[in-house]
Amino acid sequence: MTTATCVARSTRRQRWRRALPLIADLLLMAVLVLMDVQDLYYKLVWIGPHETFAFYATSKRVMQSKPLVLTKNLLTTTKNEKPRLNASSLHASGWPALLANCDELYAAGPAAPLPFIGAVGINCTIGARNRATTVKRFYMSGSARADAMAWAACKLLRIQRRPVLCRSSIVTGFLHRYGLPDATVPVNNTALPESDAEAELLALLHVITISMPVDRIVCVEGFALGGPGQHVPSLFGCGSPNTYESAFVGIHASGFAELHRNKAWITIDTLHLVGLSYRLRQNCYSEFSAAHEPTNNTWTISHKTVANFSSSGTLYNLMIVLDVVLTLTHLVSAVELATAVVVPLLAAQFEVANSKPGCSLHSTDYATPCSSSLCRSTIFVVLSVVTQLLSWLIILPNAIIWTWSKSVGGKVQAYLSSLRLWILIVLVLNLVWDCVVGIDEALAYRVTSLTFISSIELLAIMATVAYWQRNTLFAIGSTKYAVERQRLSDSSSFVNFKALANTYNAQLDSIASTPTDILWIIYGPLVAIVWRCLMVTCCWLIVKPVIWRCCVSRPQRHVPASTAAIVPQYAAVSVQERSSTSSGCARRYQRLREEHLLGQAVRARSLVRSRWGMDHAVVDPDTQVLGRRIFHSHLLEYGALVENGRLRTRVGFVFSVSPLISADGFTRPKASSPTTRSCDSAEKRSRGDPTA
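The sequence shown runs 1 to 692 under UniProt numbering.
Be aware that a few hints might be false.
In silico DSS-like links for lysine-lysine, alpha-carbon gap of 25 angstroms or less [said to hold, decoys possible]: (1) 304 to 411; (2) 60 to 498; (3) 480 to 498; (4) 66 to 498; (5) 304 to 136; (6) 60 to 136; (7) 304 to 498; (8) 43 to 480; (9) 498 to 411.
With beta-carbon atoms standing in for the labels, derived distance ranges [stated by the list, open to error]: (10) 296 to 230: 20 to 26 angstroms; (11) 32 to 519: 28 to 34 angstroms; (12) 110 to 450: 52 to 58 angstroms; (13) 104 to 130: 21 to 27 angstroms.
In short, the hints are calculated from the structure, not lab data.
We put the beta carbon where it would ideally sit given N, CA and C, even for glycine.
I would like the entire structure built from these sequences, with the hints used as guidance.
This is how it looks when you write it as structure tokens:
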């Protein structure tokens, strides 16, 4: 193998080593754009206005060996009579009233004192008293809701046979309340007058009518537990919290199951701001699987809940429009950076003849695309803050999906959507630091010259803090639903057991503006995460320079005495002058020429960046004077792009620079002369820069 061949191979390897980071940056820009597209797809399709039922959760519930026992304060006893429910008192829920039509109730779930959502009724009576049918074992789950039950019952009744409840807002406003399409029931499928089906439906509506308050009514869905196998909900019922009455349907009114099929766990989350709304609906359908263990006579019910999340409202539409604008802006900006910066540098590594001549960047004057984001664009900041605050409402379904869902794809979608919070941390940190710059620009520059933090580090900090706060985040939904009385927790009706249920609160229909306590429940954890991220960031900014200098920085290299003799014009600059130029920057801070042209303190504001150094030393070829120039990668972040020897405004920025400004004085010497290299090394060493 000849020497020329070895040199050629070595040259190719060096070129590839220099080119691989640039290729990785192209892939990184593509991934960042695809993440924007994925987030938009998630908001439009997975939790968009149309039902997809893309998520599912499963839970196993074991029928307890002993029946539920009512607490003493709910019972009244008289001589020679067995205890009965005290109908004159107000109960915490309608669960006790379900005993009115069943001999016994057995909790189906964990052992006491853990809560249960399902129960097995023994010898339950379904239908009107004179036409009743007894079900030996009735598994019931408290996932139904009173307004959905009333709406389905009214739809199955002939118009002239419908009671007054069917004309009240609980029924007439049901479809608008949840943003559901209407269901058409042919007259032939409605209950015949004086039929058993009509008697079931009227009995159910009677229980709902006499129940007060409505948000304590417990409605259930379930099936007749006759043997092992697969089941779907076919029996339904409601229990009153203030009377010892309950009613079940499904034996004769068989069409009820189809109308109620996708309305389990139906819930609405609404954000009202200045007359605009964001509505997020959760609705599910249930599937059951029963198994029997004959040795100990134990029943195990597996409950599979297939969930849908649908969004609507003016604020949701605004969020989608802003996300589309930001995604397109990111796409165009990525193409601009790739064609104007990365691709020309990549072509230069392989000495491509037709590489773009307008690229004025040197490979050493380039950082990753993360340092060339749009976070300094005023328009981008405003749009991003608005869409991030609106997108935070997605934490409600994300918490449910991540906690309960068994769908891997759904968990990945929810996790990737939640990760986008990191951009809000970057924007808040930039805003806080800009306030410091406004107070004392020289002090801010001294800090940024000593330390910095990258976007990747902020992402890691946010992920760590969010994991630390995961219990609070996952409790947002349950806390909100408890305050709004959309979920019921009854710990006073049964001995050693807590009963749960899905409930309807009619007062939510009349709310025109979201109360501040609900807003704090939703956004309080976000404020806590941002605050803790800022605190951790401050600690990291203090510790990072120490760690860098102790563990990462290389020993200072000795500069040969003959270095100055290599370049005559640099030799004319004395050592004392070079030292004073570098060390005097911190003591006598003043803006550089680029900062005056842009009208911004670029170096003082660059606390968030991807490289240690912010500027470099250059020797003016005409005046032979040593000066400093800001790295072009930092100018990119402030909206200035060097192209064809001129500074121009980047996509996503407005009037960052005048199109008439020439950038000839800002570019590095094209040959990367020893002047520049020795200037940079000497300046970095004199400033104690770890990258020297």
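Results for each hint:
no.	hint	in the structure
1	304 to 411	holds, 17 angstroms
2	60 to 498	holds, 17 angstroms
3	480 to 498	holds, 19 angstroms
4	66 to 498	holds, 15 angstroms
5	304 to 136	holds, 23 angstroms
6	60 to 136	holds, 22 angstroms
7	304 to 498	holds, 22 angstroms
8	43 to 480	holds, 22 angstroms
9	498 to 411	violated, 29 angstroms
10	296 to 230: 20 to 26 angstroms	holds, 23 angstroms
11	32 to 519: 28 to 34 angstroms	holds, 31 angstroms
12	110 to 450: 52 to 58 angstroms	holds, 55 angstroms
13	104 to 130: 21 to 27 angstroms	holds, 24 angstroms
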